[in-house]
Amino acid sequence: MLRYNNVRHRLTLWYVGVFGLMLLLFICGATVLEYWQLTRQLYHAEIQDIETAEGLLAFAPDGHLVFHEEYHNHPQSLLLLDRYMEVLTPSGQVLLRNAKLQGQALGGPPFPDEGLASYHERRVRLRDGTRVLLISHIHSIEDRPLLIRLAYSSAPIEQGVLQFVVLLLLAVPPALLFAAVAGYRMARGALQPLQKMALRAETITASDLGQRLPVENPNDELGHMARVFNDLLQRLQNSFEILKRFTADASHELRTPLSSIRSVGEVALQRLHTTEEYRDTIGSMLEEVTRLTEMVDGLLSISRADAGQFVLHRTTFSALELAREVVTLLGLLAEEKGQQIQIKGDADLTVNADRFVLQRGVGNIVENAIKHGPGGSRILILVARTGNYVDISVEDRGETIPEPLREKIFERFFRIDASRSRDAGGSGLGLAIAKWAIEVNGGSVSLRPGQQGGNLFLVRIPAASESPLT
Amino acid sequence: MTTGLNILLVEDERKLAEAVAEGLQGEGYDVTLSPSGEDALSSTRRFHFDLILLDVMLPARSGLDVLGDMRRTGVNAPVLILTSRDSIEDRVLGLDAGADDYLVKPFAFAELLARVRALMRRNLPAAPSSLRIADLTLELDGRTATRGGRKLELTAREFDLLEYLLLNCGSVVSREMLAREVWKQVMRYTPLDNVIDVQITRLRRKLDGDFQKKLLHTVRGVGFVLREDEP
Numbered sequence: 001m002l003r004y005n006n007v008r009h010r011l012t013l014w015y016v017g018v019f020g021l022m023l024l025l026f027i028c029g030a031t032v033l034e035y036w037q038l039t040r041q042l043y044h045a046e047i048q049d050i051e052t053a054e055g056l057l058a059f060a061p062d063g064h065l066v067f068h069e070e071y072h073n074h075p076q077s078l079l080l081l082d083r084y085m086e087v088l089t090p091s092g093q094v095l096l097r098n099a100k101l102q103g104q105a106l107g108g109p110p111f112p113d114e115g116l117a118s119y120h121e122r123r124v125r126l127r128d129g130t131r132v133l134l135i136s137h138i139h140s141i142e143d144r145p146l147l148i149r150l151a152y153s154s155a156p157i158e159q160g161v162l163q164f165v166v167l168l169l170l171a172v173p174p175a176l177l178f179a180a181v182a183g184y185r186m187a188r189g190a191l192q193p194l195q196k197m198a199l200r201a202e203t204i205t206a207s208d209l210g211q212r213l214p215v216e217n218p219n220d221e222l223g224h225m226a227r228v229f230n231d232l233l234q235r236l237q238n239s240f241e242i243l244k245r246f247t248a249d250a251s252h253e254l255r256t257p258l259s260s261i262r263s264v265g266e267v268a269l270q271r272l273h274t275t276e277e278y279r280d281t282i283g284s285m286l287e288e289v290t291r292l293t294e295m296v297d298g299l300l301s302i303s304r305a306d307a308g309q310f311v312l313h314r315t316t317f318s319a320l321e322l323a324r325e326v327v328t329l330l331g332l333l334a335e336e337k338g339q340q341i342q343i344k345g346d347a348d349l350t351v352n353a354d355r356f357v358l359q360r361g362v363g364n365i366v367e368n369a370i371k372h373g374p375g376g377s378r379i380l381i382l383v384a385r386t387g388n389y390v391d392i393s394v395e396d397r398g399e400t401i402p403e404p405l406r407e408k409i410f411e412r413f414f415r416i417d418a419s420r421s422r423d424a425g426g427s428g429l430g431l432a433i434a435k436w437a438i439e440v441n442g443g444s445v446s447l448r449p450g451q452q453g454g455n456l457f458l459v460r461i462p463a464a465s466e467s468p469l470t
Numbered sequence: 001m002t003t004g005l006n007i008l009l010v011e012d013e014r015k016l017a018e019a020v021a022e023g024l025q026g027e028g029y030d031v032t033l034s035p036s037g038e039d040a041l042s043s044t045r046r047f048h049f050d051l052i053l054l055d056v057m058l059p060a061r062s063g064l065d066v067l068g069d070m071r072r073t074g075v076n077a078p079v080l081i082l083t084s085r086d087s088i089e090d091r092v093l094g095l096d097a098g099a100d101d102y103l104v105k106p107f108a109f110a111e112l113l114a115r116v117r118a119l120m121r122r123n124l125p126a127a128p129s130s131l132r133i134a135d136l137t138l139e140l141d142g143r144t145a146t147r148g149g150r151k152l153e154l155t156a157r158e159f160d161l162l163e164y165l166l167l168n169c170g171s172v173v174s175r176e177m178l179a180r181e182v183w184k185q186v187m188r189y190t191p192l193d194n195v196i197d198v199q200i201t202r203l204r205r206k207l208d209g210d211f212q213k214k215l216l217h218t219v220r221g222v223g224f225v226l227r228e229d230e231p
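These protein sequences, in sequence, are chains A and B.
The first sequence lines up with residues 1 to 470 when you count with the numbering used here.
The second sequence lines up with residues 1 to 231 when you count with the numbering used here.
Careful: at least some of the hints might be erroneous.
[Stated by the list, open to error] Some chain B residues well away from chain A (every beta-carbon gap over 10 Å; in silico):
(1) Gly68
(2) Leu95
(3) Ala134
[To be verified] Interface residues of chain A toward chain B, partial, derived using beta-carbon atoms under 10 Å:
(4) Gly283
(5) Ser284
(6) Leu292
(7) Glu294
(8) Val296
(9) Gly331
(10) Leu333
(11) Asn352
(12) Phe356
(13) Gln359
(14) Asn368
(15) Lys408
Honestly, the hints are just simulated from the structure, not real lab data.
No residue lacks a Cβ here, since even glycine has one placed at the ideal position from N, Cα and C.
Could you put the whole structure together from the sequences, leaning on the hints where they help?
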């Protein structure tokens, strides 16, 4: 039993089907043409014959029409034995019927103008069922107009055509078989690389994403597909590595507060303490719980955005105003460090985004700048338009982050200097959350060196349609 | 100290339920524990409650389902929903089902207490025009604060902060509550915790700096409290 759900078989089947259909169409066309040509030839022969016959007709002295049939003896006219002939007056009186007709009428009573202008052709059926091709022509003998009808059976033509068709049809099965074999081999050849790819793909697992599909011809469709799949594998491999690192980091980060809670609790229970000491112990444990909660909350928001489950509540607002809000909120931290935050830009530049989410994103970046900028330094926030985007740049005077780390600092739990940042009280998620909050709003964030040392965080948000071009 | 108010706590997590019940009893409320939705429904049929705390993730039946049944059977006590889901859609679902407020786990106990008090207060007359603790007076209309007859120079934010602490005088408020009520932030926002700490330090300097008796206290791991005696 053939499996038709196999592409090779299906391709072959289609190939054979289309080829067979074309063959049939060709046979039909050829047959019609052959039949038409043979009919034309017969009519042509009849016209010649009718002219000959007219020469052989004469009126006998007694007024009867006579056909000089002795002509039949001529060997060339043997064919004429098959000739049907009838002669009538224009009014329909039968003057002569040849023997071949055996008394049957040839074409019945004449219709008006039959054979008058030229030779009139038609098909008729005799009483005994014989189909004939009939020619009528008016011819005058001794000034009397006579309607002469002459016909031949169409059976030989039909037989000839039938033979022709049978001959052609006999050639069809071998032709189809040949087409099937050729089509199958071609399809198999074309799909061979696909099979190899499938075999290779079956061996690739999550732990073994380094493998790639074989590319036979990089320029054809299958080669293109293999390359696309290989790119996909590369991306998967990258994400898997990030995920692996993230899982390792996350368990480490979650374990740190957990082990603090555990040790603090266990040590407190080792001996009796004063109420004050117990309060302190419990407070310390609660601090770690808060840290854990914050971490889980942050991870949850990011993973929810990753899974596309985050619903944004978009409004249109001024980017400069957002920057001012952030500074109003966090300015106190800068003040404590003696830092100055300067905001510049056009208040008319608007963005269409979720205000709270974006505020959180920009806020985390500003907080980062305050945290890493030296005391007494200046932080510059600039709002400007670039093409279809509104840029909010935050520039600090902290230590410039070297090139290879500029992408990494947006990863979850990434710390340039593990001990330093944890002391500063960070959850290690601030910039990862900032990146999430900005990207979920259709924007992007990147880090570059500041113009006068330090770092410049560039937040790029799609401009609202009504935002003016500057 | 007892308030004479009855609270029904529907929560299947025994440890959490017992801790919350103990905390509420410590504040003078009578608490009835109910481990399942069915049990809670039969309790509400037999007794009157002034407030219902309802967990959403109950065994067998969702808390929202149970809430619907309670409302249909004529229970009109305020309902505070407790859940670990915090998306806005879930909040809307909860409020649609007839809840009066919503609290996301893990919550600070101080926050729970504040919500419970707010729901109980709902029908009480409006807040007074001035607040007082020890020798500190806050005039809400003129927005002035005086301690020991001396006017305190407070920024707008510091005044709001002090007002909120004074409104919850005697109870601990968490940083989360301050972020929402004083800073008006709807989302949890980590850098704000640092801002709050700085702001509290500044307020404390102005409020307690020159006085023997300290009013503003930090409760480690929980938050802040305004009270006369040491916590």
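Item to complete: Grab the minimum beta-carbon distance between Leu95(B) and chain A and tell me whether it stays above 10 Å.
Response: Its Cβ never comes within 10 Å of chain A, the nearest being 16 Å, so this holds.
Worksheet item: Hint check: is the beta carbon of Gly283(A) less than 10 Å from a beta carbon of chain B?
Response: holds, 3 Å
Discussion item. A closest beta-carbon separation below 10 Å is what the hint needs, so does Phe356(A) meet it against chain B?
Written reply: For Phe356(A), the interface hint holds, since the closest Cβ of chain B sits about 5 Å away, which is under 10 Å.
Discussion item. Just to be careful: measuring from the Cβ of Val296(A) to every Cβ in chain B, is the smallest value less than 10 Å?
Written reply: Hint on Val296(A): holds, closest Cβ of chain B at ~9 Å, below 10 Å.
Item to complete: Grab the minimum C-beta distance from Asn352(A) to chain B and call the hint holds if it beats 10 Å, violated otherwise.
Response: violated, 19 Å
Practice prompt. Report holds or violated for the interface hint on Asn368(A), using the least CB-CB distance to chain B and a cut-off of 10 Å.
Written response: holds, 9 Å
Discussion item. Given Gln359(A) as an interface hint, is its Cβ closer than 10 Å to any Cβ of chain B?
Written reply: Since the shortest Cβ distance to chain B is 8 Å, the answer is holds.
Item to complete: Go through the hint on Glu294(A) and say holds or violated, using the shortest Cβ distance to chain B against 10 Å.
Response: holds, 6 Å
Discussion item. The hint names Lys408(A) as touching chain B; please verify it with the least Cβ-Cβ distance against 10 Å.
Written reply: violated, 20 Å
Worksheet entry | Satisfaction of the Leu333(A) interface hint, Cβ to chain B closer than 10 Å | Constraint on Leu333(A) satisfied, holds at 6 Å.
Fill in: Assertion that Ala134(B) lies farther than 10 Å from chain A (Cβ)
holds, 23 Å
Worksheet item: Should the interface hint for Ser284(A) be scored as holding, given a Cβ-Cβ cut-off of 10 Å against chain B?
Response: Holds, about 6 Å.
The structure does not agree with the numbered hints 11 and 15 stated previously, though it agrees with the rest.
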